[in-house]
Amino acid sequence: MRRRIKKLLYVSGFAILLLVTIGFVIFQKFKAEFDDQKIINEFHAQNIFPHSEMIPYKGNEIHTIYIGDLSKPKVLLIHGSPGYWFDFKYIFADKTLQKEYCIISYDRPGYGKTTVPAQKHLSNQAKVAAAVLNHYGKSNEKFIIVGHSYGGAVLEQTILDFQTKISHAIYVAPCLSPEFQKAKWYNIMISGGLTNKMLPLELKNSNLEMMALENNLSLNEGRLHEINIPTSYIQGKKDVLVPYQTQAYYLKFHKNANHKLLEDLNHFIPWSNPELIVQAIKEANSLNKYSKF
Numbered sequence: 020m021r022r023r024i025k026k027l028l029y030v031s032g033f034a035i036l037l038l039v040t041i042g043f044v045i046f047q048k049f050k051a052e053f054d055d056q057k058i059i060n061e062f063h064a065q066n067i068f069p070h071s072e073m074i075p076y077k078g079n080e081i082h083t084i085y086i087g088d089l090s091k092p093k094v095l096l097i098h099g100s101p102g103y104w105f106d107f108k109y110i111f112a113d114k115t116l117q118k119e120y121c122i123i124s125y126d127r128p129g130y131g132k133t134t135v136p137a138q139k140h141l142s143n144q145a146k147v148a149a150a151v152l153n154h155y156g157k158s159n160e161k162f163i164i165v166g167h168s169y170g171g172a173v174l175e176q177t178i179l180d181f182q183t184k185i186s187h188a189i190y191v192a193p194c195l196s197p198e199f200q201k202a203k204w205y206n207i208m209i210s211g212g213l214t215n216k217m218l219p220l221e222l223k224n225s226n227l228e229m230m231a232l233e234n235n236l237s238l239n240e241g242r243l244h245e246i247n248i249p250t251s252y253i254q255g256k257k258d259v260l261v262p263y264q265t266q267a268y269y270l271k272f273h274k275n276a277n278h279k280l281l282e283d284l285n286h287f288i289p290w291s292n293p294e295l296i297v298q299a300i301k302e303a304n305s306l307n308k309y310s311k312f
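The sequence shown runs 20 to 312 under this note's numbering.
None of these hints come from the bench; they were simulated from the model. Some clues are possibly wrong.
[Unchecked claim] Taking CB as the label site, the calculated pair distances span:
no., residue 1, residue 2, range
1, Ser71, Asn206, 31 to 37 Å
2, Gly241, Lys203, 23 to 29 Å
3, Glu160, Leu238, 40 to 46 Å
4, Asn247, Glu282, 29 to 35 Å
5, Lys274, Lys91, 31 to 37 Å
Note that CB positions come from ideal geometry on N, CA and C, so glycine has one too.
Can you make the complete structure from the sequences, with help from the hints?
Right under this line is the structure:
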C-alpha cells in the first residue's frame, strides 16, 4: 500500500512538473511570437502609427497605447489573463474604426510594460481602468469599453464602481459567473511550492487573478441590478475556457442586453473573429438609445 502511494506521488509530481514545463515553453513561444515591438513594427508596415503613453499611478506606471484622433469618441479595450494590449491588434488595425474612433488599450497590472503589481481584487483592477479613462477622457466624457475573458470581469467591476464614465459595455467571452469561475485543479496545483516558483512571473500573476476570481464575482452579485447602461454580449458554444452558459447567467440580471451566442465560436474571439468585436463597436451608438438593461 505504501509503495503504491509513493509511486502515485512520484507520478503526480512528474505530471505536475511536465505540465509546468509545457506551459512555460508555450508561454515563451507565445511571447516571442507576439511581443510588443513586433506588433508595433507590423502596424508601421500597414501605415498605422500607435501612440504609447505611460500613465503615473501610485508610484508606478500604466502602459497604454492608442490609435486615432483623441477628439473622437473613445473605445477602451481590456485584455484577459494573461494578456497584453496587443491581444486586440486586429481591432486596432481596422481602418473603418480608425476613422470614427480613438481606440485605446493598456497592459493590465502585472503584464507587459505596466509596472503596477498584479492585483487579485477586481476593485483594484477597476481603479487602474478608471485611471486610463481619466487620463484620456474629458471630465464628462463616456467611453465604449470592451472586455475579453478576465477583462470582462474587470469591465463589470468598472461599470459598478465608475458607471458614469461608460456609455456602452461590450462583453466578449467574459468571466462573469462565480459558478463557472471556480479555481481549476491546475490553478490550485501551481498556486504554491516549487511549481509556483518555476512559473514565469506573468503566469504567476494570471494564476493569482484566477484563484481569487470566484470570490470577487460573488461579492458583486448583489450589485448587478445597479448596472443600467447599454450592453452587448458575444459568446461561442465552442469556448473551452469560459462555459457558454455564462451568458444565460448574465441575462438573468440583464434580460435586454444585446446578445449573440454562436455555435462555432471559440474563446479567442479577438484573434479568430475580430470582426464581431468591430461590428459590436459600430453598433454601440444605435444600441445606446436603450435607457435601461
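Verification of the supplied hints:
no. : hint                         : result
1   : Ser71 to Asn206: 31 to 37 Å  : holds, 32 Å
2   : Gly241 to Lys203: 23 to 29 Å : holds, 26 Å
3   : Glu160 to Leu238: 40 to 46 Å : violated, 29 Å
4   : Asn247 to Glu282: 29 to 35 Å : holds, 31 Å
5   : Lys274 to Lys91: 31 to 37 Å  : holds, 32 Å
Hint compliance for this structure: hint 3 is the single one not met.
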